[in-house]
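Below, each chain spelled out in residue letters.
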Amino acid sequence: MAERTTILRVKRQENPKSASYWEEFEIPYKANHNIVSMLMEIRRNPVTRQGKRTTPVVFDANCLEEVCGSCTMVINGRVRQACSQLAEGLRGTVTVEPMSKFPVVRDLWVDRSKMFDYLKKAHSWIPIDGTYDLGPGPRMNPEAQQLAYLFSRCMTCGCCLEACPQVNDHSKFMGAAIIGQVYLMGRHPTGAMHQEERLQALMGEGGIADCGNAQNCVEVCPKGIPLTTSIGDVGGQVSRKWLRDLFAR
Amino acid sequence: MPGHHIIVGGGLAGLTAAMKLAEEGEQVDLFSIVPVKRSHSVCAQGGINGAVNTKGEGDSPMIHFDDTIYGGDFLAHQPPVLGMCEAAPSIIYLFDRMGVMFNRTPEGLLDFRRFGGTKHHRTAFAGATTGQQLLYALDEQVRRHEAAGLVRKFEGWEMLGMVQDEAGDCRGVVAIDTRSLEMRAFPADTVMIATGGPGLIFGRSTQSLVNTGSAVSSCYQQGTTYANGEFIQVHPTAVPGEDKNRLISESIRGEGGRVWTYREGKPWYFLEEMYPAYGNLVPRDIATRAIHKVVFEMKLGVDGQPLVFLDVSHLDPVLLRQRVEGVLEIYEKFVGQDPTKVPMKIFPAMHYSMGGLWVDYSQQTNIPGLFAAGECEFQYHGANRLGANSLLSCVYGGDVGAKAMIAFAKAHKSDGLTRAHDLELTRHREEFDKIFKMDGKENAFAIWRELGELMTENVTVVRHNDKLKATDDKLLEYKDRWGKIGLNDKGRWANQEVLFVRHLWNMLELARPITLGALNRNESRGAHYKPEFPERDDENFMKTTLATWSSDGPRFGWEPVDVGLIKPRARRYDVEKSAAKPTEKAA
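The listed protein sequences correspond, in order, to chains A and B.
Its first residue numbered 24, the first sequence is counted upward by one per residue in this note's numbering.
Its first residue numbered 2, the second sequence is counted upward by one per residue in this note's numbering.
Just so you know, the hints here were simulated from the structure itself, not pulled from any lab data.
Check each hint, because a few of them may be wrong.
Simulated crosslink set (DSSO-like; lysine-lysine; CA at most 27 Å straight-line) [stated by the list, open to error]:
1) B:Lys485 / A:Lys75
2) B:Lys544 / A:Lys34
3) B:Lys411 / A:Lys53
4) A:Lys246 / B:Lys334
5) B:Lys120 / A:Lys124
6) B:Lys56 / B:Lys154
7) B:Lys491 / A:Lys40
8) B:Lys154 / A:Lys137
9) B:Lys470 / B:Lys544
10) B:Lys154 / A:Lys144
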C-alpha cells in the first residue's frame, strides 16, 4: 500500500505585480501535521510533486496557536488560520491560497495594514489621562465583562473581511472587525465617554451603512466573536447619533 | 528638545517603553518584524502577578518579592525585583484603566487566581488570553501616539545590528525591510532591544516563529554581554506538536487542574504526593523534573509515551469556560478532544529564557545607550521564573528603561547619520551579498531542525558535562555546515530564506553561551539541574554568568548576586516556606 500523503496545491505569486501560478507539493502524512508544518516541510525540501526544484513557499506565520492571526489564508476555499488546520481532517488535494481582499506581498503573505489603519481612523483606544498611577480602574459588572471579553479576542486576522461580499474593489467598506472593536470600546466605562468620535468614523464612507447583512463574518470568525451582535448594536448607536446630530444642528 | 529613540520589538516590553516615551513627548521609531499586534506576547495565557490582596489573604509586595526570589533560587539581584513587585499593583490598575477585560469578582473588582510557587491569589487574568489582552491594550495606546505623530512604526522591518560611535556608545541601528530587502541605517539617541526570547534555538518550543534571538545575538556579537544564558525554563505542561509545542497554561492548575499518571493501574497524583505543601502548584522547574522522573526513570508515561495527564475533567465546565476558555480551545483545536471531559495529555517543553542581555538596574546594557527589556534581558527571574511574572517584568522593565533612555538622550544627543552608520550599513550589505551567493548542498531549515533536537536533548531539563561539551562541538560543526548552505531562493523580493540563513547563524552563535554557561556551572539551581552536582552551591556559584563574544568563542566572567535584602535559604516545596530555614553557608 502506498504511503499516505497530503497534496498541497499552492497558489504562488512572485511579487505584488506579477501573475499568480499554481504549484503542487506532496507531503508524507503525519498525524499532527497542520498546514504550517507542511509548508515548513516544503522549506526543507523545496521540490514540487512533479520533481521540479523551486523556491520555498513564502508565508506569514508566527504564534501557531491561533492567537496572533498571522497565518490566515484560504484553504479549500475557506478562510482560516493555517496553523489550526490539521492534516488529519484533510483528504485528497488541498488548495492553499492567499486571502483575496488584501494585496499579496508574495505567495501566501498578504498586506493587512489597512485593518490597522481602520483602528486608527476609528480611535480604537481608551483615551486615558496618563500612564502614571491613578489608582484602580472603574468597577465592572462581571457579566458585562464576559460579553466584552468576547470582542477583546479579535486578532485582526481579516477572516471577516475576506468572507464579506461588501468588501470588494468597488467599495470602501471597512468590515466587521472594526465595528466589533468600536462596540468593545463603548462597553468599557471610560471608553463609553468617548464613543461619539468612534461612531463618527463609522458614519462616513466605508462605514457601517455599507454592511449588507450577509452575516458571513460571524460564520467565519475563528474566535466565534458575535460580530452580528456588534453590527446591530453599533448600528443602533450610529442611528441615535445621527438623530442627535440632526436636532443639534 | 525631545530625545529620539529606537525600540526594536513590539511586544509588551517594547510597546510599554514606546508608550512611556511618547507620553513624555519623545520621538520613537518602533521596529518589528511582524505587525506589533502579532508579537509573541499574545501567547501568554494565564495572567499577570501583583499583590493587590483582594482576597483577604494578607498578601503584600514583600511576600510577592520573597516568592519571586525564592522561586528564582536566589540568583536574581534583589533590588530590581523588589522594585518590580512594589510596582505590580499599579501596573495591573493601569491595564484595567486602559480597557483590558480582566475577569471580575461579583462585586465588580478585579479577580485574582493562584499560580505556581505562591500560596496567594495574586494573578490577575483576562480569561486565559491575558498576554493577548495586555498587548492589545498597549497596541491601542501606542496607536494613539502614532496618530499624534510621536511614534513611527517600521513594521515588517528587521534589525540587523546596532551602530556604535568611536566612544563605543550605541547611536542607532541598521535594519532591513523584509519585503523589499532595502537596508538602511537609522540614527537615534538611544536604542532599546525588546525582542523576546530565543526559543527557536531549541527548535520546537512554546515560542513563536520570530523568537530566534537573532537581534540579541547580533548585539552579543557586537560586544554586548549576555548573562545567565544557561537558565532555560522548560514548562511542565505543553502539547507536543510537529511545528511547535503548544503551551497549556499554569492557570489550568491554578484553577484546580491535577497532574497524574497510572501507577499499578491506579491514578497517581505524583506532584501532590511528592510536594504536599504546594501540590500541583510547585514552580515550573520542579514540576518539569518530576514529570521527567516519572516518565524516564520510572517509565510511567501514559501508554508508554513521554506524556502524562493534566486533568480538569472534575471541575465545573461552566466556570472553566469563563476563566480558561482560551487554553481549552487550543487543546480542542489542536488535539481534537474536550478537556472538560477527558484528561489532557501533556509533556514539558522549552518555554522561556531567564538569561539574556546583561542590564544594569536602569535596563542599560554594558554598551552605553543600548537598553534592553523583557525576556531578552536577564534581570528579574534568577534561576527560574514564576508563572505570571513575565508579563510583569516586561512592563516594568519597559517603564524603567524608558525613563533611563530619556535621561541618556538629554546628555548624549545623536549627530544623525555618521561615518559609523555608513560602515555598518556596508558591513551588512556585504554579509547579504555573501549569503546570496551561497551555493552548497546544505539546507538552512534542515540544519535548524537538527540544532533544535540537539539543544532540546542536551541543554534543557537534565544536563551532563560530557554531553554539554559534545553539544558545543556539534555547534561548531553546524557552523561549518552553515558555510555549505545552498540558497533555494535567490529572489530580491520578500525572500524569507535569505533572512532565515542569517537568523540561523545568529542562533548558532547564541547557542554557545547557553551551552557553555551550563557546562561551567557545576551545581544545580532552579531550572539548571546536573545529576553530577545535585546541590545548590552558593559558595562557588551564587553569581551571574557573564558571556562576552570573541572570535574563538564566548569568554566567561562572573558577577556576584546582590542578596542584601533576603538572606538565601534552602529552596523547598515539599514543606511550607516558613519551615525552610536559612542555609548555614549563606553570606
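- Item | Distance restraint between Lys56 (chain B) and Lys154 (chain B), which requires alpha-carbon spacing of 27 Å or less | 41 Å, violated
- Regarding the pair Lys154 (chain B) and Lys144 (chain A), is the alpha-carbon distance no greater than 27 Å? 16 Å, holds
- Message: For Lys120 (chain B) and Lys124 (chain A), compute the direct alpha-carbon distance and say whether it is at most 27 Å.
- Response: 51 Å, violated
- Are the Cα atoms of Lys470 (chain B) and Lys544 (chain B) separated by 27 Å or less? 22 Å, holds
- Under the criterion that the straight-line Cα-Cα distance not exceed 27 Å, is the pair Lys491 (chain B), Lys40 (chain A) satisfied? 18 Å, holds
- Does Lys544 (chain B) pair with Lys34 (chain A) here, judged by a C-alpha cut-off of 27 Å? 54 Å, violated
- Item | Given pair status - Lys75 (chain A), Lys485 (chain B), alpha carbons within 27 Å | Since the Cα atoms of Lys485 (chain B) and Lys75 (chain A) sit roughly 22 Å apart, the hinted pair holds (cutoff 27 Å).
- Under the criterion that the straight-line Cα-Cα distance not exceed 27 Å, is the pair Lys246 (chain A), Lys334 (chain B) satisfied? Holds, because 11 Å separates the two Cα atoms, which is no more than 27 Å.
- Taking only the CA atoms, is the gap from Lys411 (chain B) to Lys53 (chain A) under or equal to 27 Å? Violated - the C-alpha atoms of Lys53 (chain A) and Lys411 (chain B) are around 57 Å apart, more than 27 Å.
- Message: Run the distance test for Lys154 (chain B) versus Lys137 (chain A): straight-line Cα separation, threshold 27 Å.
- Response: 14 Å, holds
In the structure shown, a violation is registered for the earlier hints numbered 2, 3, 5, 6, in ascending order.
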